[in-house]
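Asker: Protein chains in written order, with full-length UniProt numbering: chain D, 1 to 216; chain U, 1 to 488.
Bear in mind the hints are in silico, worked out from the structure with no lab data behind them.
The reader is advised that the hints may include incorrect statements.
Under 7 Å between C-beta atoms, here's a sample of chain D residues computed to sit facing chain U [to be verified]:
1) 65
2) 67
3) 69
4) 78
5) 86
6) 89
7) 91
8) 94
Glycine is no exception: its CB is placed at the ideal position from the N, C-alpha and C atoms.
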Amino acid sequence: MSGFDLTGLTASFGGERVIGPLSLSVREGDRVALVGRSGAGKSTLISLIHQQVQGHSSLVPQNLGLVNALQVFHNVYMGRLDANATWYNTLTLIRPFAKDAREVKALLSELGMPEKVWIPAASLSGGQRQRVAIARALYRNSDLLLADEPVSALDGPSAHMVMKLLKQRFRTSVIALHDVELALAYCTRIVGIQNGQIALDEPSEKLTPADIMPLY
Amino acid sequence: MLSSPTVRASLIFTAVALVGLVFADIAITAANPWKDLGRFFLGVVTPDFFSTEGLATALLRTVAFAFVGVALGSVCGFLLALVYRAYPVRIFCAFIRAIHELFWALIFLQFFGFHPLTGVLAIAIPYSGIFAKVYSEILEEADPEPGRLLPPGTGVVSAFLYARIPDCWVQMRTYTAYRLECGLRSSAILGFVGLPTLGFYLESAFSQGHYSDAGAMLILFYVLIATLPLWVRPKLLPVYVLGAPFFLGDGMPIVWGNVARFFTQDIVPAPLKGEEGWSGMGTWLGDLFITQALPGIWNTVILTQIALVATGIIALLAFPLISTHFGGPVRRTSGHVFLVILRSTPEYILAYILLQLWGPSMLPAVVALALHNGGIIGHLIGRQSSSIVLRPDAPTGLDRYTYELVPRVYRSFLAFLFYRWEIIMRETAILGILGIYTLGFYVDSAIQNIQFDKAMVLILITASLNIGVDILGRFIRKKLALQTMPTC
Chain D
1 MSGFDLTGLT
11 ASFGGERVIG
21 PLSLSVREGD
31 RVALVGRSGA
41 GKSTLISLIH
51 QQVQGHSSLV
61 PQNLGLVNAL
71 QVFHNVYMGR
81 LDANATWYNT
91 LTLIRPFAKD
101 AREVKALLSE
111 LGMPEKVWIP
121 AASLSGGQRQ
131 RVAIARALYR
141 NSDLLLADEP
151 VSALDGPSAH
161 MVMKLLKQRF
171 RTSVIALHDV
181 ELALAYCTRI
191 VGIQNGQIAL
201 DEPSEKLTPA
211 DIMPLY
Chain U
1 MLSSPTVRAS
11 LIFTAVALVG
21 LVFADIAITA
31 ANPWKDLGRF
41 FLGVVTPDFF
51 STEGLATALL
61 RTVAFAFVGV
71 ALGSVCGFLL
81 ALVYRAYPVR
91 IFCAFIRAIH
101 ELFWALIFLQ
111 FFGFHPLTGV
121 LAIAIPYSGI
131 FAKVYSEILE
141 EADPEPGRLL
151 PPGTGVVSAF
161 LYARIPDCWV
171 QMRTYTAYRL
181 ECGLRSSAIL
191 GFVGLPTLGF
201 YLESAFSQGH
211 YSDAGAMLIL
221 FYVLIATLPL
231 WVRPKLLPVY
241 VLGAPFFLGD
251 GMPIVWGNVA
261 RFFTQDIVPA
271 PLKGEEGWSG
281 MGTWLGDLFI
291 TQALPGIWNT
301 VILTQIALVA
311 TGIIALLAFP
321 LISTHFGGPV
331 RRTSGHVFLV
341 ILRSTPEYIL
351 AYILLQLWGP
361 SMLPAVVALA
371 LHNGGIIGHL
381 IGRQSSSIVL
391 RPDAPTGLDR
401 YTYELVPRVY
411 RSFLAFLFYR
421 WEIIMRETAI
431 LGILGIYTLG
441 FYVDSAIQNI
451 QFDKAMVLIL
461 ITASLNIGVD
471 ILGRFIRKKL
481 ALQTMPTC
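Sequences and hints are given; from them, build the entire structure.
Answerer: Structure, rendered in structure tokens:
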């Protein structure tokens with residue numbers, strides 16, 4: 001079960017309502033792209049969904065949430081800390097097991113950065129950091145992907161590669177994207193957010209970039 | 001300029017110190033102070049490293065006590081930091097760190113005697129309180145985002161190890177290393193109450209007029225602290241920590257009967273032991289307060305306020321010595337050496353030396369406190385001033401100092417000064433043991449007269465005074481919106 005229903009959703013910052021009230025229902029197999037101007041409430045909506053599903057999702061937040069002092073391996077491994085016993089996690093912190101190292105390295109190879117596995121996250125470039133956060137979400141291997149601008153720091157070909165990978169690995173996803181082309185190419189459903197409200201909700205095959213532009 | 005709150009605060013504190021000077025006992029009472037000072041400096045430049053065989057042992061013991069005490073303190077402090085949110089824990093930590101290492105040593109000496117445990121606990125207990133506070137501040141500042149991203153069902157320990165510790169690790173390591181340096185100083189002065197560390201040999205060398213021996217000890221101590229980064233390596237640390245307990249010396253065995261007697265009889269207030277009971281407590285406490293606590297508090301506060309302002313003046317004068325905006329590399333290097341010496345000499349040793357040379361009065365204490373603390377703040381401010389980028393046509397010389405640099409560093413200067421206020425007061429109280437009439441003097445006399453009940457009450461009063469000044473210092477820093485980092 002990876003779909004969810006949200007009704008009467010609201011969020012306020014400092015007494016000012018930024019989201020809702022809105023309702024959104026996502027069924028298993030939906031690939032939702034959240035589009036809209038910056039500040040429209042996309043990030044808030046993503047974190048609200050994250051709370052609503054009680055963390056049972058692979059999340060790529062906009063600020064990535066990497067632990068800078070840890071190596072890339074451990075940052076990726078953190079996606080599955082719940083799957084292992086505490087003693088196993090503690091040992092892994094000191095000396096990773098070969099099985100996990102292989103798995104993480106394979107993931108990083110798919111993202112085009114296998115040589116970075118033992119490098120501290122602090123010394124990575126912006127694009128590399130973003131891919132580490134994506135690797136963590138992939139390693140987490142949950143049914144639902146929640147991602148906030150996951151390819152904003154990547155160049156064109158890498159962005160396509162990552163979006164393709166995310167499409168392959170996650171049956172259900174909600175991705176905030178400001179790139180309309182990517183949204184139409186990799187998502188099945190476009191949800192436009194304007195002033196904290198849903199202003200558009202259509203299957204992507206019915207839409208062209210021109211239909212989405214008024215939102216910006 | 002008078003409208004600036006920081007300037008007004010500075011002027012008020014200066015005025016208080018000037019009024020304090022009227023009441024303070026400032027004098028050079030020694031018959032021949034300059035000749036003695038000359039002989040001391042002659043001793044420092046002609047050090048004799050081989051006269052006392054005890055020198056090497058004293059250094060070894062100093063290092064061993066520092067390592068065991070700081071290691072134990074950091075482990076306990078870390079555990080306390082995990083529950084630091086609880087109010088009783090905060091109070092407990094504030095209380096144990098408000099009592100100086102030497103006071104703890106004096107307490108433990110009464111029932112553990114000259115057992116190594118006395119020295120270890122004297123360092124470990126106050127350091128636990130300090131570590132708990134600083135570690136918890138560091139842990140609180142860690143980025144909370146990675147923790148929020150963890151899959152639900154992640155164990156508490158795993159979450160802490162992955163999402164919390166790595167972010168704080170470098171800062172905690174830096175702070176612990178800094179504390180180790182402080183621990184070496186604490187360990188050295190524990191010798192002044194009879195433990196087998198450097199202070200013990202320094203005192204005996206001084207009392208016999210062996211200035212070259214004293215000079216050798218001081219020089220070795222500076223070398224020990226200055227080379228700390230070279231011999232304290234992360235990989236060697238387990239070796240040191242595990243090995244240190246074996247080099248504490250044997251001391252004297254603990255007599256457990258003394259321990260029991262101390263808690264059941266010695267520290268019970270005299271009226272409760274006698275026939276008067278609780279009805280006699282009022283007069284007993286009142287008498288103690290008027291004859292000892294009040295004069296002790298009065299002298300401690302006066303001395304603290306004078307030393308605080310003197311510290312500020314020294315710091316402002318000293319920071320250009322290492323600032324890149326003045327002088328060439330030669331002057332800066334000598335400035336660095338000078339400030340490292342000021343910083344590495346414990347104020348207690350400095351006060352002891354000056355007291356031997358100038359005779360008893362508040363003057364040696366003020367000078368010692370001002371030189372040590374002024375050296376520390378001057379070093380920090382100097383380093384900060386070097387990171388300021390001046391416009392190419394900025395004025396030079398005194399104009400550069402007064403117009404470009406001092407206004408820019410003044411706020412952090414004040415922040416450091418108010419942060420050290422409580423530390424200066426804690427030290428002022430303890431300098432009483434050397435014969436200046438601050439609270440430490442009355443504590444020490446009570447112990448010498450075997451009146452441990454009175455000594456405990458006086459120590460409690462000293463601790464409350466320190467906590468009060470700490471709270472006041474924090475209030476003023478908040479009021480003036482001054483920020484500071486814990487490593488100072």
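Asker: Please go over all the hints and tell whether each is borne out by the structure.
Answerer: These are the hints, each one checked on the structure:
no., hint, result
1, 65, "holds, 4 Å"
2, 67, "holds, 5 Å"
3, 69, "holds, 4 Å"
4, 78, "holds, 5 Å"
5, 86, "holds, 5 Å"
6, 89, "holds, 4 Å"
7, 91, "violated, 11 Å"
8, 94, "violated, 10 Å"
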